[in-house]
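When you get a sec, could you build the whole thing from the sequences and use the hints?
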Amino acid sequence: MRKSIFIAAGLFLSISTQAQLLDILKSTVKDKTGIDLNNPQAPKGSTTATTTNTNTTTTIPTSTSTKTSPLNVGNLTSTQISSGLKEALSIGVTDGVKKLALTDGFLKNEAVKILMPEKLRKVDATLRSVGLGSLADEGVKLLNRAAEDAVTEAAPIFTNAITSMTITDAKNILLGSNNAATSYLQGKTQSQLFTAFQPKVKASLGKVGADAVWKNLISKYNTFTGQAVTTDLNEYVTTETINGVFKMVADKESGIRNTPAMRTTSILQKVFGAQDANR
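Numbered per the working numbering, the sequence shown spans residues 24 to 302.
By construction, these hints were calculated from the structure, which means they are not laboratory data. Each residue gets a CB set at the ideal place from its N, CA and C atoms; glycine is no exception. All the pointers check out, no bait thrown in.
Calculated lysine-lysine pairs in the DSBU-like style (CA-CA distance at most 35 Å, straight line):
{"no.": "1", "residue 1": "Lys225", "residue 2": "Lys164"}
{"no.": "2", "residue 1": "Lys121", "residue 2": "Lys238"}
{"no.": "3", "residue 1": "Lys136", "residue 2": "Lys121"}
{"no.": "4", "residue 1": "Lys223", "residue 2": "Lys122"}
{"no.": "5", "residue 1": "Lys109", "residue 2": "Lys122"}
{"no.": "6", "residue 1": "Lys194", "residue 2": "Lys293"}
{"no.": "7", "residue 1": "Lys136", "residue 2": "Lys164"}
{"no.": "8", "residue 1": "Lys223", "residue 2": "Lys164"}
{"no.": "9", "residue 1": "Lys145", "residue 2": "Lys243"}
{"no.": "10", "residue 1": "Lys238", "residue 2": "Lys131"}
{"no.": "11", "residue 1": "Lys270", "residue 2": "Lys223"}
{"no.": "12", "residue 1": "Lys225", "residue 2": "Lys145"}
{"no.": "13", "residue 1": "Lys122", "residue 2": "Lys136"}
{"no.": "14", "residue 1": "Lys121", "residue 2": "Lys194"}
{"no.": "15", "residue 1": "Lys238", "residue 2": "Lys122"}
For each label pair, taking beta carbons as the anchor points, the in silico distance ranges come out as:
{"no.": "16", "residue 1": "Thr117", "residue 2": "Thr254", "range": "28 to 36 Å"}
{"no.": "17", "residue 1": "Lys230", "residue 2": "Thr189", "range": "33 to 41 Å"}
{"no.": "18", "residue 1": "Ala300", "residue 2": "Glu133", "range": "29 to 37 Å"}
{"no.": "19", "residue 1": "Thr189", "residue 2": "Gly229", "range": "33 to 41 Å"}
{"no.": "20", "residue 1": "Lys145", "residue 2": "Lys211", "range": "30 to 38 Å"}
{"no.": "21", "residue 1": "Thr287", "residue 2": "Asn132", "range": "17 to 25 Å"}
{"no.": "22", "residue 1": "Thr282", "residue 2": "Ser214", "range": "26 to 34 Å"}
{"no.": "23", "residue 1": "Ile190", "residue 2": "Lys142", "range": "38 to 46 Å"}
{"no.": "24", "residue 1": "Lys131", "residue 2": "Thr254", "range": "20 to 28 Å"}
Below, the structure is given as structure tokens:
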């Protein structure tokens, strides 16, 4: 009996000693490597928070935070970034204005074609219903002719607006959306462009005979309906012409951003090549 007690005591001490040694080993591993052998399922690169109640102990993984790397524009200088974006806009304006200034540049381009003013759509429908569709067509055509005539004179206004872009502005929009530069230019200059552009459109409306045709068109409508419709064609055509130019500039900017073959100068290749690397 006494022998059995000694054997049991020896086994207990052996197990107790092994448990202590195992605890020491686990503690050493955790201190040296950060790995908790009591919680081998914890995700690598995380710490654990332990909450305890009267019945259970729960281990909650908490992810370590990581810092986001700043956008990299390679070895480009601020001046190069600014020059590249200004050049892209200048090309867009020059190319856009050149295309719009051609005969049918507005009229045959569905993306920018100037339609009958919305509040005069009833005029269009009424004239067509009484066989005067050709007069309505002529009215729309001459609105577009006025825009085609005026847009050439407006080119320097757009070009001067581009030069006001600062280096800080350029950095902020380099990695923006496909039309970030165009949107910036539009937001900064549209009201000034309208003020400068409106007299040119007014002169063009008279030059192409749009004023006379529209006076006749509205007069006939008023005669048929007994109404007294009027509209400010100058303001309407000015707004639509400016929108048309910006649409063309945005298309060109998107092309330069997304199509390396459209980057026809070394500065465009450098600046928008850096943009590609950050996508």
